[in-house]
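J.: With the hints as extra help, turn the sequences into a complete structure.
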Amino acid sequence: METFKGRILSDEYNNKWNGSGVIDTYGDFFWVQLAINLTGIVGNILVIISHFMGDLYMVSVNDFVLALAFSDLIAAILLLPLPKFVEMPQNFLGKTYCILVLQDSLFWIAIKTSVFLMMVIALESAAAVRKPFLYNKIFCSKKYRLLIVLLIWMVSTASNLYHFFTDRVTDEGECEGIHDNMSINGDAENNTNTSAAADGSQEVMISLYVYTVTYIIPLFVMIIAYSLTAIRLRQNMFKMNRRNSVFARARHRVIGVVFCDIIVFIVCLTPSEIIFLLDCFGINSDVHLLQTLDGFRDILHSVYVCANPIIYTVTNPQFRLILRRLFRRPVDGKTKSTHWAPSKQPETSINMRSNSTE
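Add 4 to the 1-based position in the sequence shown for the numbering used here, that's all there is to it.
Any given hint could be a false lead.
Quick list of in silico lysine-lysine cross-link-like pairs, DSSO-like style, CA-CA up to 30 Å [as the list claims (entries may be wrong)]:
#1 99 x 88
#2 135 x 146
#3 147 x 135
Have a look at the derived ranges for each label pair, beta carbon to beta carbon [unchecked claim]:
#4 146 x 34: 40 to 48 Å
#5 91 x 151: 38 to 46 Å
#6 209 x 135: 33 to 41 Å
#7 165 x 36: 27 to 35 Å
#8 278 x 177: 29 to 37 Å
Since the hints were made in silico from the structure, they are not lab data.
Note that beta-carbon positions come from the ideal geometry of N, C-alpha and C, so glycine has one too.
T.: Quick look at the structure:
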């Protein structure tokens with residue numbers, strides 16, 4: 005995570021100034037990363053627009069999906085390969101810029117929010133088919149959904165507050181984080197970080213904490229929740245007689261979306277988390293390898309934040325309907341759909357992602 009970015013920016017190999025204290029973050033993956041990020045930005049903006057256009061076309065869009073698109077949009081914008089200032093004053097603004105931008109704290113707040121929202125959507129799906137009373141009481145309430153989203157943002161922000169105690173701006177005006185206390189070759193004797201927060205054991209503890217909160221817990225919860233959902237849907241399918249074919253299609257659609265979500269999560273975040281964890285334990289590598297790994301990791305993050313709009317477009321007829329109505333010129337002044345009746349179902353990710361699970 006934050007390890008590579010801070011160490012690469014502080015290395016002499018990368019200090020190629022294009023002005024006063026500004027460094028270009030362009031790398032070998034510039035055009036690939038730029039294309040993926042722009043796709044993610046456009047896709048998530050369309051998801052957000054579809055939320056507000058849903059009433060016009062009498063189609064409901066889930067609030068959690070809206071919050072997920074918003075967090076992914078922020079992450080996609082922050083992943084854009086733009087120049088960054090690496091010389092800053094030793095004051096509150098300089099330290100804030102160091103923490104939020106150079107140490108990527110703002111980006112990781114958005115990513116953690118996205119991951120936690122994916123986890124909540126998984127729990128919502130499981131509750132909808134296994135605990136209808138709990139589902140109707142919590143997830144069908146606009147107030148509770150808003151509180152859950154706000155709580156997720158608060159937890160994501162709080163989980164990154166340690167940077168304000170461990171990161172600092174040096175006398176030379178450079179940003180130095182807790183993960184920068186190991187030299188490039190992992191030699192403890194070359195450690196130049198004099199901050200008390202740079203203790204090796206503290207770095208390991210924080211690294212394990214970040215790894216567990218960002219990856220292990222969400223992955224475990226998502227797999228368990230989606231497994232319970234798939235099992236119950238399969239049981240319900242065998243109980244149906246006349247509606248077997250309809251329910252089977254809905255079941256396959258839900259399981260397909262579930263499979264895509266988990267695969268995208270594993271493929272995009274597993275390499276990043278493993279590289280981050282190994283690096284925090286002192287991986288031996290030169291700056292060229294660090295640059296390559298950093299660029300590869302950013303591409304995976306870019307794919308992650310632009311994957312959800314693609315999944316929604318491919319799997320959800322309601323979302324495709326909104327996009328068609330959004331880009332199609334009105335005929336005879338009519339803008340509302342004549343083919344879709346208002347949904348009687350509450351706004352849920354089950355409806356948004358599968359269109360039918362009953």
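J.: Output the indices of the hints that this structure fails to meet, ascending.
T.: none
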